[in-house]
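What follows is each chain in one-letter form.
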Amino acid sequence: MAIENVTIYDNTSALFDEIIAHRLGLIPLPTRLDLLNFRDECVCKGKGCPNCTVHYTLSKEGECIVYSGDLRPEDPMWAVVDKNIPIVKLLKNQRLILEAEAELGIGKEHAKWQVVCGIGYKYYPIIEIDEEKCNLCNECVRVCPKNVLEIKRKKLVVKNIEDCSLCRSCAEVCKRGAIKVRGDETRIIMQYETDGSLSAKEALKEALKILYKKYDELENVLGLK
Amino acid sequence: MIMPVRCFTCGKVLASLFEEYKKRVYINGEEPKKVLDDLGIKRYCCRRTIISHPVFIKGNEIKELIDEAAQYE
Ligand SMILES: [Zn+2]
Ligand SMILES: [Zn+2]
Chain A
0 MAIENVTIYD
10 NTSALFDEII
20 AHRLGLIPLP
30 TRLDLLNFRD
40 ECVCKGKGCP
50 NCTVHYTLSK
60 EGECIVYSGD
70 LRPEDPMWAV
80 VDKNIPIVKL
90 LKNQRLILEA
100 EAELGIGKEH
110 AKWQVVCGIG
120 YKYYPIIEID
130 EEKCNLCNEC
140 VRVCPKNVLE
150 IKRKKLVVKN
160 IEDCSLCRSC
170 AEVCKRGAIK
180 VRGDETRIIM
190 QYETDGSLSA
200 KEALKEALKI
210 LYKKYDELEN
220 VLGLK
Chain B
0 MIMPVRCFTC
10 GKVLASLFEE
20 YKKRVYINGE
30 EPKKVLDDLG
40 IKRYCCRRTI
50 ISHPVFIKGN
60 EIKELIDEAA
70 QYE
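Chains A and B, in that order, give the protein sequences.
Per numbering that gives the first Met the number 0, numbering through the first sequence is continuous, rising by one, with the last residue being 224.
Per numbering that gives the first Met the number 0, numbering through the second sequence is continuous, rising by one, with the last residue being 72.
If you're looking for bench data, these hints aren't it; they were derived computationally from the structure.
Below, in silico cross-link-like pairs of lysine-lysine (DSBU-like), each with a Cα-Cα straight-line distance of 35 angstroms or less:
#, chain 1, residue 1, chain 2, residue 2
1, A, K200, B, K11
2, B, K41, A, K174
3, B, K21, A, K88
4, A, K145, B, K41
5, A, K91, B, K62
6, A, K121, B, K33
7, B, K32, A, K88
8, A, K121, B, K32
9, A, K46, B, K11
10, A, K179, B, K41
11, B, K62, A, K59
12, B, K11, A, K158
13, A, K145, B, K33
14, A, K88, B, K11
15, A, K82, B, K41
16, B, K22, A, K88
17, A, K212, B, K11
18, B, K41, A, K204
19, A, K200, B, K22
20, B, K11, A, K44
Owing to the predicted nature of the structure, the values given are computational and were not obtained by experimental measurement.
Could you build the full structure based on these sequences and the hints that come with them?
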C-alpha cells in the first residue's frame, strides 16, 4: 500500500507541494491484502471507500522536522512502518497541513508499490576438487574474492559453499586443473529484501499466488484444461 | 536538498538511516565504509546514494541544503 492522493491545505515550507506529495508516496505502509480491495476492483467502482482506501492526516508547525511517524492514520493498525523518514524541515511559523489517501497498487504501475528490492539469484554452486592433482599451492585460496576455499589439515576444502559467486577465478588460477566450478541447474539461491510493507515470507507467498493464477490463465487460453 | 526517501536504483528506504550516518561520519569522524556496513547497506547503489548526498559545514554544524533553503517559502 502507498499514498496515492494528497490534499494540501497549507504548506509554507521550502519544498513544493509536489515534492512533498512525492516523498509521502515513497513511504512504505503496512499492507493487508486480506482487508483491502484494489480500488478498481472494489464495490465502490473506483470512487474510494473504507474497503479500498485508508486516510492519513498530518499537521505540524515549526520549528521541527516532519517525520513519516507524524502521519496520523484513521486506525492505529495502519500506522507507518518506518517512523523516522524525514519529509521536510520546518522553521518557526512554517506550517504543513495535509490529508492523504492510500490505496493498494502494483509495481508495474508505480515503483512505490513494489514490495521487494534488491532481488538476485544464482545457481547453487558446486565445487569439485581433484585431490590427486592439487599440490596445496594456496593460489586458489588467495584469489577467491569471497573466501570460499581454505586449506585444512593439508587438504583443500570448501568452507562456505553458498558464498561462491561462480566467478571461476580459482579454476582459472589453478595450473594443474584440480578445481572445477559449476552451477547446479536444479537448484537456485534467490535473495531479496522487502521495504517493510509486507514480510519477506508473505511477499513470496503472494508472488507465487499471482504466478499460479497466470499459469492457470495460460493453460485456459491454450485449451489444456 | 533533503535526503531522498529511497535509493534511486533499488528502492530501499534510506532517508531514515541518513541521520545516523551523518552523525557518525561527519561529526564523530568515523570511516564511511564501517558505518555503511553497520547500517546494513550492502548494495553499491544504496551506498552511492548515501555517500554522494551533499552536506556542508556552517559554523560547527553539519547542514543539508534544506537547512539553508528553509528560510525561503
Ligand atoms: Zn472502494
Ligand atoms: Zn540501492
